[in-house]
Amino acid sequence: MSQEIRNLEPKALWNNFADLNAVPRPSKKEERVIEFMKNFGNKLGLETFEDEIRNVIIRKPASPGMENRKPIVLQGHLDMVCQKNNDTNFDFDTQGIDMYVDGDWVRARGTTLGADNGLGVAMMMAILESKEIKHPAIDALFTIDEETGMTGALNLKGGILKGEILLNMDTEEDDEIGIGCAGGIDVTANRSYNEEETPEGSVGYTITVKGLNGGHSGMDIHKGLGNANKIMNRLLLDGFENFGLQIAEISGGSLRNAIPRESNAKIIVAAMYDEAFVFDMQEVISDIQAEYKTMEPNLTIEIAKADLPNKVMDLGVQEGFIRGIYAAHNGVYRMSADIKDLVETSNNIARVIVKDGEITIQNLTRSSVESSKMDLANALRAAYELFGCEVTFAGSYPGWTPNVNSEILDLLVKIYEKQNGAKPNVAACHAGLECGILGTNYPDMDMISFGPTIHGAHSPDERASISSSQKFWKFVLEILENIPVNN
1259 MSQEIRNLEP KALWNNFADL NAVPRPSKKE ERVIEFMKNF GNKLGLETFE DEIRNVIIRK
1319 PASPGMENRK PIVLQGHLDM VCQKNNDTNF DFDTQGIDMY VDGDWVRARG TTLGADNGLG
1379 VAMMMAILES KEIKHPAIDA LFTIDEETGM TGALNLKGGI LKGEILLNMD TEEDDEIGIG
1439 CAGGIDVTAN RSYNEEETPE GSVGYTITVK GLNGGHSGMD IHKGLGNANK IMNRLLLDGF
1499 ENFGLQIAEI SGGSLRNAIP RESNAKIIVA AMYDEAFVFD MQEVISDIQA EYKTMEPNLT
1559 IEIAKADLPN KVMDLGVQEG FIRGIYAAHN GVYRMSADIK DLVETSNNIA RVIVKDGEIT
1619 IQNLTRSSVE SSKMDLANAL RAAYELFGCE VTFAGSYPGW TPNVNSEILD LLVKIYEKQN
1679 GAKPNVAACH AGLECGILGT NYPDMDMISF GPTIHGAHSP DERASISSSQ KFWKFVLEIL
1739 ENIPVNN
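Counting from 1 along the sequence shown, just add 1258 to a position and that's the residue number in the numbering used here.
Hints were generated in silico from the structure; no laboratory data involved.
No false leads were mixed into what you were given.
Taking lysine to aspartate or glutamate and the EDC-like style, the derived pairs with C-alpha atoms no more than 16 Å apart in a straight line are: (1) Lys1389 - Glu1739; (2) Lys1481 - Glu1554; (3) Lys1732 - Asp1433; (4) Lys1524 - Glu1616; (5) Lys1569 - Glu1455; (6) Lys1296 - Glu1310; (7) Lys1415 - Asp1309; (8) Lys1328 - Glu1665; (9) Lys1296 - Asp1397; (10) Lys1569 - Asp1614; (11) Lys1681 - Glu1434; (12) Lys1328 - Glu1736; (13) Lys1613 - Glu1455; (14) Lys1676 - Asp1433; (15) Lys1613 - Glu1453.
Using the sequences and the hints, build the whole thing.
This is the structure in structure tokens:
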């Protein structure tokens, strides 16, 4: 890791981020980072413990003169989204993130950076270890598995946290103060199919969709970015209807909360259609690239000859599968009627796998309105059940209802205006923050979310602004010093 990261200001923030990023921390594989965080707290001589689900809590008494202030919870999540470019050789289970400075940005070489939510966690660590920062009594809550199920927040019991105010540090624009967020639900479709012998007189091809931007399936869903699974399905439908294309395998996308950037398919067509198929595909590819030329200038779609597979999907199931994916909604479903420019409900068709007689389609459906979330989930279920899938709902979590009369909101707005000479953007977001979930067991806790500017989260283009992190540091320190007096 470059020493230049550790030399950035404020050093307390960036050194802790560098230490954290040296520890592998994929979602659902947080064992090493849990031990890292417990060792960190214990070395400081602070009360440090795990709860039943393995969230880590570190308690720090108020600094001298701050004992009469309301106790607070600082909250961030330990896990990170693990995405890499196809040509990057990297193992998230064993390697630390390889970071570098690019102007005002810190980036990672070919992978996600982990600034979501690593910078928030690093800020918490800097506060815990500092002997100079003024602050009230602190419960530092480091949750697990935020990115793939929010299980840490969902399983945090009531009564553990002592704070009256929660500062969530997982917002990704430094001029935004979050007061609400979307809930979500995982929608998964599965079915088996019969594999048939590849017909004689066939030729094999691979179809590859790559070069898409990808991104956060909540925060970026409104941008009109390409979804590799939808683009691949469009090609497959054309090839099937015009040339009898048959599918051997598909592997598209990766994580539910990442807009899919790549998809690969192995297919066959009859040799008699060989040249006509390739010619037709090139026309379809040109149309798709023209449609996405503004948002996805690096989109690449390749058709290449390949070894003939031994087995292909049963044609009856295949037709239902292709039409079902076509019918399934992807992207924005409904905009909020109450908050300007806020996506209310959306879906990301995140992962499509066809192999060895099994189909799996993974979706993440989000909404700030519970009934609308379930309406879209049921629409997806209907589309998939029409071609024989078993559809399951799992991992449902609630949204966070905005509280415009929040005392901590008033404080943050006042401090932001004083420091920056402008009003912050007080908003709800379409991402899933843990505040709504935590609020179910801590209904009286006053909650707010903010953080430094991070772009490209959930993609290998993830980057964190250095100047924004300095702004974030200054903001947090003044917030801590001005937490209201306890009644």
